[in-house]
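Below, each chain spelled out in residue letters.
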Amino acid sequence: MKKVNVVIIGGGPAGLAAALSAKEAGETDILILERDTKLGGILNQCIHNGFGLHTFKEELTGPEYASRFIEKVKEQKIPYKLNTMVMDISSDKVVTAMNSKEGLFQIQAKAIILAMGCRERPRGALNIPGYRPAGIYSAGTAQKLVNIDGLMPGKEVVILGSGDIGLIMARRMTLEGAKVKVVAELMPYSGGLKRNIVQCLDDFGIPLKLSHTVVDIEGKERVEAVTIAEVKDGKPVPGTEERYTCDTLLLSCGLIPENELSNQAGIEISPITKGPKVNESLETTIDGVFACGNVLHVHDLVDFVSQEAKQAGKNAVKYLKDQEVKATKTIPIQTDNGVRYSVPFVVRPEDMDDLLTVRFRVGGVYKDHFISVYLDDERILHKPSKILAPGEMEQIILTKKKLMEVDPSTIRITLEDK
Amino acid sequence: MYDVIIIGAGVSGSAIARECSRYPLKIAVLEKCEDVCCGTSKANSAIIHAGYDAKEGTLMAKLNVEGNAMMDELAKDLDIPFKRIGSFVVCTDEENRDGLTTLYNRGVTNGVPGLRIVERDELKEMEPNISDEAVAALYAPSAGIVCPFELNLAMAENAAENGVEFYFDSPVEEIKKIEDHYEIHTPKGIFNTKYVINAAGVYADTIHNMVSEDKMEIIPRKGEYYLLDKSAGKHVAHTIFQLPTKMGKGVLVTPTVHGNMLVGPTSMDIEDKEGVNTTRKGLDEVAMKSSMAVKNLPMRDVITSFAGLRAHHPDHEFIIEEVKDAPNFIDVAGIESPGLSSCPAIGVMVAKMIQEKTGSVEKPDFKKTRKGLIKPSEMTLEERNELIKKDPRYGTIICRCEMVTEGEIVETLHRVIPARSLDGVKRRTRAGMGRCQAGFCSPRVMEILSNEVSDIDMYNVSKSGGHSNFIVGNDKEDL
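Note that the protein sequences, when read in sequence, are chains W and R. Sequential numbering from 1092 applies to the first sequence in the working numbering. Sequential numbering from 1188 applies to the second sequence in the working numbering.
Rather than coming from a laboratory, the hints here were simulated on the basis of the structure. Possibly wrong hints are sitting among the right ones.
Below, in silico cross-link-like pairs of lysine-lysine (DSSO-like), each with a Cα-Cα straight-line distance of 30 Å or less [unchecked claim]:
| no. | chain 1 | residue 1 | chain 2 | residue 2 |
| --- | --- | --- | --- | --- |
| 1 | W | K1184 | R | K1562 |
| 2 | W | K1509 | W | K1491 |
| 3 | W | K1184 | R | K1417 |
| 4 | W | K1165 | R | K1558 |
| 5 | R | K1576 | W | K1129 |
| 6 | R | K1558 | W | K1192 |
| 7 | W | K1168 | W | K1093 |
| 8 | W | K1326 | R | K1576 |
| 9 | R | K1663 | W | K1270 |
| 10 | R | K1562 | W | K1093 |
| 11 | R | K1421 | W | K1365 |
| 12 | W | K1311 | R | K1468 |
| 13 | W | K1094 | R | K1558 |
| 14 | W | K1246 | R | K1460 |
| 15 | R | K1417 | W | K1311 |
| 16 | R | K1663 | W | K1285 |
| 17 | R | K1460 | W | K1311 |
| 18 | R | K1577 | W | K1192 |
| 19 | W | K1326 | R | K1482 |
| 20 | W | K1311 | R | K1476 |
Listed next, the stretches of chain R that the computed footprint assigns to chain W, with coverage defined by at least 3 CB atoms under 8 Å from CB atoms of chain W [unchecked claim]:
| no. | region |
| --- | --- |
| 21 | 1369 to 1375 |
| 22 | 1424 to 1432 |
| 23 | 1462 to 1476 |
| 24 | 1490 to 1498 |
| 25 | 1654 to 1663 |
Every residue, glycine too, gets a C-beta built ideally from N, C-alpha and C.
Start from the sequences, fold in the hints, and give me the full structure.
What follows is the structure, given as structure tokens:
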């Protein structure tokens, strides 16, 4: 069986950044496996701008952002295989993959970096009653048709869900000549970035109806109309139904990390993030298998994906060089009072860098709250925030020095109103 | 002039076509949709009932038990999945135990093999996720599960291989009796035939009433279902029914042959013969009733919901007979549950009627077997690589959820009954049937269809024929 030191599954932003950082850390035996026809992942269809403000201090389009990494991967001569689907990962790190040139083949990896990204929640999982005609697309599918193929999937559009792709597609469809009638959002707040609501809806006069959902889809062959209604306590309120004639319903109702392969390998998955439970090194519950990017938890900005993936690449090399301390102490990070989860889930202070970025999201909209971090009973951070919302990822920094000094049994991230 | 025209390419029509194709007859099937298996046959419980449910002495009872017994050989001949997993009718109230005995006795009379009543402890052992309320159950080891799409398609393909012609997008608009034959009008032309078989499902009444003064009514009886992800596919190992209680009839919970879990159906008489929409009320009812016989069913793992229409006749019986005032016109109507289970036997019964009328003798070259699609997922690594070497398209995954290759999709477009829509491809290959519900693969399947099929391009490629196209124009066209 062919042997490779670091196999990276996925050639999107996470996989590319992880590969570059592994190379930078001195590893030369790397292989990226990408199922699409080119590197770059979903960024290739994200032709709008707004990428890279943190990383490059300028506004790039998705393909531009990706190309900066792709060019470096090519410069560094990091091997990659395109059109290659990973079919299976075993717990002992045998990667089974397939493409049309080499057929089905297996690679024994020493370390694996999971960078498979995420997928969109489909209609079925949303439990919307009605007919099942043509004209119902996930926002990302419509985005591919419009931006890659130059084809319009519809002319009169209703969008359910205010995730970022849905917001971006509201603007895109409008710019391409379609009429976007309304965006309905089940929750009382948007799941997308504030800047996208302003730039993609407000600027085009597209109404956003919070606490609304689709309660019926009409049309036997092609969508003819959808009915939306107000939602209270999780239930549609009778009498609030509004019928919109349209030929298209776009769904942007959440992203789910794509962890079929992780599950096959027996990696423990968090029920909240739907991604692997990782430690400070972004290592999963299988030694030498790391995860980064949207397969780990859904990010708001690609810049943070790149940052996280850089860590994963570096840590994978550290693992290969056997430089892990084999820590004796593992501290769980607890989250509560509005903080839904954190990545990582546990910290081994002996194995962490001097600084550790801990990312998390909140479960609702919180105005004028404090982000607080406790090491056991000692509050080490009390940071005021004007507004915290589920659509935006938050982060705090933990220092190795402090953790070693206090030696707590738990780390707790929480929200406080004073 | 055709000898036999069959109206409807569902499981009944296709089974009849296959059985009739044993004889040297000129046969055609007219189907209103773009493919086989587009009506009642595509949206049902996908189970092969044992046969204890239908009343003693009815045609339903007879054909159910006969059809069930035929399934092993048929599945082997047609290269389709069929699993005899057995079923339980679960009694959750000691007071209703008599109901189990009634079903048991009926089953014995109907000739159902192997029936027995199992008590709570054994039931729990055989099916650990059965409701804690369960007191006993009727166990029917002969009950099974099948893929209705593949069964339907396989019978149709086998019929086509034996000379039956299939005409799609061909709704019957009018039938005229002309002396010794019938003239059938469709938008695609007029078909003349000596015998007509009306296997039109929920439209069997419309077709019947074109030739008969003795009017028939078929009531579309809607059933709504939830389909659960494969992660929930092992929650139960048998088909679980509930014994009806004071609260009414329950829903069934069953594994599917492809490893998902199916829950449903509701039962609601409606007017619209195309009314296959799901409803909030119906879906909520399924969710509520799902827990009556099975515990801890992970309803959060739902990947889709759908509704099907049973072709219900007011007599609740299969109507398989020559129409009194329309000689040589045979109704195959009221084929509701257990229609799927009965269809092999329906095929035999109707073919016998035709054989007797025509005095035909079986063709020596009738080929009873049919080979299914190449299934890379069932191959060893070496076999798979051999295949990819011959045709590299079997090395490209198009549907990531069900791991369907380009090779398999292309093959469906060039078979004897080719797929012509995304739903057609889906029913044949499962591309688009997994947990992402076609989000990932649909643009790719659209491309394959438009590249491979001469009269299909990206602008008219459809979900299910008719006006169900995906693309309405080009970017910036309406600016």
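Going through the hints against the structure:
A C-alpha spacing of about 27 Å is found between W:K1184 and R:K1562, which places the hinted pair at or below 30 Å, so the restraint holds. About 27 Å separates the Cα atoms of W:K1509 and W:K1491, which keeps this hinted pair within 30 Å; it holds. This hinted pair checks out: W:K1184 and R:K1417 have alpha carbons roughly 24 Å apart, not beyond 30 Å. Restraint check for W:K1165 and R:K1558: the C-alpha separation of about 46 Å exceeds 30 Å, so the hint is violated.
Annotation: proposed proximity of R:K1576 to W:K1129 holds, straight-line Cα distance about 23 Å (limit 30 Å). Under the criterion of a C-alpha separation no larger than 30 Å, the hint pairing R:K1558 with W:K1192 is consistent with the structure, at around 27 Å. The suggested pairing of W:K1168 with W:K1093 holds, with an alpha-carbon distance near 19 Å, which does not exceed 30 Å. Between W:K1326 and R:K1576, the direct Cα distance comes to roughly 55 Å. Violation of the 30 Å bound is thereby established for this hinted pair.
At roughly 12 Å between alpha-carbon atoms, R:K1663 and W:K1270 fall within 30 Å of each other, so this suggested pair holds. A C-alpha spacing of about 27 Å is found between R:K1562 and W:K1093, which places the hinted pair at or below 30 Å, so the restraint holds. In summary, the hint linking R:K1421 to W:K1365 is supported, as the alpha carbons are separated by about 21 Å, within the 30 Å threshold. For the proposed pair W:K1311 and R:K1468, the alpha carbon gap of about 20 Å is at most 30 Å, so the pair holds.
Restraint check: the Cα-Cα separation between W:K1094 and R:K1558 comes to about 39 Å, which exceeds 30 Å; the hinted pair is violated. Taking the CA atoms of W:K1246 and R:K1460, the gap is near 29 Å; set against the 30 Å cutoff, the hint holds. With a C-alpha separation of about 28 Å, the suggested pair R:K1417 and W:K1311 falls inside the 30 Å cut-off, and the hint holds. Of the supplied pair hints, the one linking R:K1663 and W:K1285 holds, its CA atoms being roughly 27 Å apart against a limit of 30 Å.
Distance hint between R:K1460 and W:K1311 is fulfilled; the C-alpha atoms sit about 11 Å from each other, no more than 30 Å. Annotation: proposed proximity of R:K1577 to W:K1192 holds, straight-line Cα distance about 11 Å (limit 30 Å). For the suggested pair W:K1326 and R:K1482, the alpha carbons sit about 25 Å apart, so the restraint of at most 30 Å is met. Restraint check for W:K1311 and R:K1476: the C-alpha separation of about 28 Å stays at or below 30 Å, so the hint holds.
Requiring three or more residues with a Cβ within less than 8 Å of a Cβ of chain W, the coverage given for the region 1369 to 1375 of chain R is violated, as only 0 such residues are present. Only residues whose C-beta sits within less than 8 Å of a C-beta in chain W count toward coverage, and the region 1424 to 1432 of chain R has 0 of them, not enough to reach three; the restraint is violated. Coverage of the region 1462 to 1476 of chain R by chain W holds in this model, with 7 residues showing a Cβ closer than 8 Å to a Cβ of that chain against a need of three. Coverage of the region 1490 to 1498 of chain R by chain W holds in this model, with 4 residues showing a Cβ closer than 8 Å to a Cβ of that chain against a need of three.
Coverage of the region 1654 to 1663 of chain R by chain W holds in this model, with 10 residues showing a Cβ closer than 8 Å to a Cβ of that chain against a need of three.
In the structure shown, a violation is registered for the earlier hints numbered 4, 8, 13, 21 and 22, in ascending order.
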